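K.L.:
Sequence:
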Amino acid sequence: SSDSGGSGFSLAATALPERRRPGGGRPRYEVVRELGAEEVRWFYREDRKTWKPFIGYDSLRIELAFRALGSGGGGAGEPAAVEPVCVRSGLYEVDVASAESYPVYWNQTEKIPVMRGQWFIDGTWQPLEEEESNLIEQEHLNRFKGQQLQESFDMEISKPVDGKEAIHSLKLSRNHVDWHSVDEVYLYSDATTSKIARTVTQKLGFSKASSSGTRLHRGYVEEATLEDKPPQTSHIVFVVHGIGQKMDQGRIIKNTAMMRDTARKVEEKYFSNLATHVEFLPVEWRSKLTLDGDTVDSITPDKVRGLRDMLNSSAMDIMYYTSPLYRDELVKGLQQELNRLYSLFCSRNPEFEEKGGKVSIVSHSLGCVITYDIMTGWNPVRLYEQLLQKEEEEELEERWMSYEEQRLLEELYITKQRLREIEERLHELKASTISKPPVLKFKVENFFCMGSPLAVFLALRGIRPGTSGSQDHILPRTICNRLLNIFHPTDPVAYRLEPLILKHYSNISPVQIHWYNTANPLPYEHMKPSFLNPTKEPTSAPDTESASAAPSPTTSPVMVRRHYGESITNIGKASILGAASIGKGLGGMLFSRFGRSSATSQTMETGKDGPEGDEKKATTVGSPPLPHSSSGFLEPTVELEHRIDFELREGLVESRYWSAVTSHTAYWSSLDIALFLLTFMYKQDQEETDKSNLDTI
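Heads up: the sequence shown runs through residues 4 to 700, numbered per my numbering.
Source of the hints: derived by calculation from the structure; they are not laboratory data. Fair warning: there could be bad hints in the mix.
Here are the simulated BS3-like pairs of lysine-lysine, each with C-alpha atoms no more than 27 angstroms apart in a straight line [to be verified]:
| hint | residue 1 | residue 2 |
| --- | --- | --- |
| 1 | K335 | K232 |
| 2 | K335 | K444 |
| 3 | K272 | K257 |
| 4 | K55 | K232 |
| 5 | K272 | K52 |
| 6 | K257 | K114 |
| 7 | K306 | K335 |
| 8 | K55 | K361 |
| 9 | K268 | K257 |
| 10 | K531 | K686 |
Label-pair distances were calculated between CB atoms; the ranges are [to be verified]:
| hint | residue 1 | residue 2 | range |
| --- | --- | --- | --- |
| 11 | L674 | D305 | 39 to 47 angstroms |
| 12 | K358 | D475 | 23 to 31 angstroms |
| 13 | K232 | G380 | 20 to 28 angstroms |
Just so we're clear, the structure is a prediction, and the values are computed from it rather than from any experiment. Built from N, CA and C at the ideal position, the CB exists for glycine as well.
Could you build all of it, start to finish, from the sequences and the hints given here?
P.N.:
Next comes the structure, spelled out in structure tokens:
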């Protein structure tokens, strides 16, 4: 290949004739020579598992850097300075000098070892340890360099070497290597048990190689080429964690890796026809924050310390966020990390913005609330100032006071008004001269909430259902193109968002996410909404008609929900409600005041008439009685513009009580969720590909 990454190395000895392996394997040469850069393969090992090969594009560039390092050029006999090699779709870099790999976008305490493979074990194609491999390679070249290889490729058929004596041998520390010919090399263990087994089997008539030898191959099974490179990234996804990150700082990195791996499987199965791919980047915002230091730890009693420490490292994050003192620190921590990652990615991928690359955010648990507040700029302090101003005005109107006191208060009020006017003019003047940078450096295409308590926080802030059916009611489309709320049916932390936009959607089932292996699933935009309990829904149709309503099988409707595991679910939800309202020092009075300013057509007070009163209100709250067809589906005139709530399907043998405990953290490795995310992120690319195919036809 003439394209060698600018290193000046020739990747193949053009003077030597090539011979290819049967079945389209990599080329072999007729004369023994030094291995070419394309024959060597580099490997990496994560979590002390087996060695994994780098793709050809990465391996070739690492090998060229390795050869540049070994060729000197640093002056005075020093090795040349070689820049780190970017690998694995740009997520990692390899330092060739230290033989280590490390992530680019996040911190990781353990470095990932890399290894240069020259000799490989037959069958598995795992590399020999580098030290042994170097010794074998050096001995092989000393003994056989320049010799002619066999004319036929008998070595590919694993023909036994019975009757062949070793023409050369090399002793290693725990093994020895025998060459039966130039192409037939075997590795033998020198452990006592292996020697005994070898002696017994040889006495029984078996050859030494066939009884205990391991066949070795020189050069990797597949040639490395620069064409074997990853697809271009057209969409990046920032994965934001929720509470508990202090307890396990590497958890979001592992969770994102699981999500990335499942997404790769889905891409290969369903989106292999597209030339681009989606990249997932973890956003670890918690570990850099100081917050109260160790004050909470110092006031924690010693009894059941382990449980208390676990709660301090997890649930305490909710208390921090509802605290006026620490809330801004959490918000700024996440905001700065999102902007840092985006700037770093664009600096390393300059064509991303040029080609209209898109950004989505996947948030989990409390991370959904913080991300939402960053995008919308919600700040409780500003609302609190408005509340105090309103109370001052009411005090002036209602309270009896002397003439002198009234005169002074009026003068104070006029002075404050004048001060506010001056501040506003100054702010306008600054805004006209200096354009305020956006909070985030990118536009959010999709905001995916997983196991999210966002609806609870919005309800406590006074958000009440409207009548428009638009996402803009809670998140304007100018800020984020699409909001999607994903939850497991038994997740005690998750809440629905749709009833905050249209009240009657509380009795409409969320859309069920398709199984990963569903054949020809109905597109989500074509799935019609259906009632959770059609017989109880207020409608002008007779009771007998609504009771007999059966959804059409062609629309893949949701099963009627069963209220299972209610005690566990309610306990979990009550804990989140309680935690979300911890900040009611400025929240309780504040939210209730502003809640009263919602639309007069919606009467949201509860508890006045008991359960019967609630049933009566259900027929009058929000919009007029719902149009309802005999099939149990809503008429399109009262639908949302886009569905927001999406529910995972339960497993057939899933324990509901156990899943209530585990479901909140079960999103990361789900193939169903991976397919769901990619379906929406690849939607435009898929439509453009389909359109071009139709145009071609």
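K.L.:
Please go over all the hints and tell whether each is borne out by the structure.
P.N.:
Hints, one by one, checked against the model:
1. K335 - K232: At roughly 37 angstroms apart (the allowed maximum being 27 angstroms), K232 and K335 break the hint.
2. K335 - K444: holds (14 angstroms)
3. K272 - K257: Holds, at roughly 23 angstroms.
4. K55 - K232: holds (16 angstroms)
5. K272 - K52: holds (25 angstroms)
6. K257 - K114: Cα-Cα ~15 angstroms, so holds.
7. K306 - K335: violated (35 angstroms)
8. K55 - K361: violated (30 angstroms)
9. K268 - K257: holds (17 angstroms)
10. K531 - K686: holds (19 angstroms)
11. L674 - D305: 39 to 47 angstroms: Roughly 44 angstroms apart at Cβ, these two residues keep to the hinted range, so it holds.
12. K358 - D475: 23 to 31 angstroms: holds (29 angstroms)
13. K232 - G380: 20 to 28 angstroms: The hinted range 20 to 28 angstroms is violated for K232 and G380, with Cβ atoms some 41 angstroms apart.
Of the numbered hints given earlier, the model fails hints 1, 7, 8, 13; all others are met.
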